Amino acid sequence: MTHSPTVPVAAIYMLVYALSYAALWACVRHLSGDIHPVVLVFFRTFFGMAAILPILFKVKLPPLSSGLYPLFTLRAVLNITSVMGAFYAVSMIPLADAVAFSYAAPIFATLLAVFILKEKIGRHRIFAILCAFVGVLILIRPGFQTLNSGVLAALGSAGCFAATVICVKLLTRKENPAIVSLMSFIIAVPLSLAAALFYWQWPVGEQWFYVIGMGILSATAHICLARALARADLSAVMPIDFSRIIFAALMGISLFGDPLDGLTFLGGGLILASAIYATHRERKQLAQETAPRSPS
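Position 226 of the sequence shown, counted from 1, bears residue number 226 in full-length UniProt numbering, the numbering being contiguous throughout.
No wet-lab data here; the hints were simulated from the structure. Keep in mind that this is a model prediction, so the values were computed, not measured. Even glycine gets a Cβ: it sits at the ideal position worked out from N, Cα and C. Honestly, I wouldn't trust all of these hints.
[Unchecked claim] Here are the simulated PhoX-like pairs of lysine-lysine, each with C-alpha atoms no more than 20 Å apart in a straight line:
#, residue 1, residue 2
1, LYS174, LYS118
2, LYS169, LYS120
3, LYS118, LYS169
[As the list claims (entries may be wrong)] Taking CB as the label site, the calculated pair distances span:
#, residue 1, residue 2, range
4, PHE198, ILE246, 33 to 43 Å
5, LEU111, PRO239, 14 to 24 Å
6, VAL9, LEU152, 36 to 46 Å
7, LEU255, LEU193, 22 to 32 Å
8, PHE209, GLY257, 17 to 27 Å
9, ASP34, LEU117, 36 to 46 Å
10, ASN148, ALA226, 44 to 54 Å
Given only the sequences and the hints, what does the whole structure look like? Please build it.
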């Protein structure tokens, strides 16, 4: 863990990220009764693209001969699908539940990395995966409630996001991370528009305030997360991510009358703790492998 004056600043950035993320989903919930979630995905993507337009003048796009465009396209499709699933889930289940399911994405990414990136996992990662699976079962509550489409969408969203992470890992081996992020938006905007046209309707009146707010909140969340991770170790700031579920629960209860359920916090907390544990063990193992060996 990084013990430096930048850690408190990183914690503040992480809190703003969590609050922005929860507020973004609250905007989606508010609008989803009048505007289809697929249309909201386009507006979120479009205004997110507008927020990073300055990068267009600073980076050079990869040439067509690079051979990476199929992977760029796959990454954009997976990302759009993930956001669509998340937005649909937010319209169907309590905000806190939707956030809790999103915590499963790092665990799904670990499983995919084994099969796609051929990464090896030890007993610590296996333990974390099993604990996360228990957390998901707590959230689903098998035998106690019906498995509705919102829950399935939330799980599908987490899975697609995990696949997106794998694509990013593959792309960043050959391209600058800034280009990877930019290309995702460039491809995602027309793709999300094509899907949105089937359900299209223009926002009216105050709906524009929420639609534009989605773009601002999305950009704020991305910037704050990046700055938090730049100022402190992942293991130092990841526990603060649990505040997302707290903010989401408070907004869900106060704005939409969502029920307060302790199992949501238990399941979400177990999933997040599993992800933090796996990350901590991975960093510790990497430090041991890269530490200089004393001459014998």
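Against the structure, the hints come out as follows:
{"no.": "1", "hint": "LYS174 x LYS118", "in the structure": "holds, 18 Å"}
{"no.": "2", "hint": "LYS169 x LYS120", "in the structure": "holds, 16 Å"}
{"no.": "3", "hint": "LYS118 x LYS169", "in the structure": "holds, 13 Å"}
{"no.": "4", "hint": "PHE198 x ILE246: 33 to 43 Å", "in the structure": "holds, 36 Å"}
{"no.": "5", "hint": "LEU111 x PRO239: 14 to 24 Å", "in the structure": "holds, 23 Å"}
{"no.": "6", "hint": "VAL9 x LEU152: 36 to 46 Å", "in the structure": "holds, 39 Å"}
{"no.": "7", "hint": "LEU255 x LEU193: 22 to 32 Å", "in the structure": "holds, 29 Å"}
{"no.": "8", "hint": "PHE209 x GLY257: 17 to 27 Å", "in the structure": "holds, 22 Å"}
{"no.": "9", "hint": "ASP34 x LEU117: 36 to 46 Å", "in the structure": "holds, 42 Å"}
{"no.": "10", "hint": "ASN148 x ALA226: 44 to 54 Å", "in the structure": "violated, 34 Å"}
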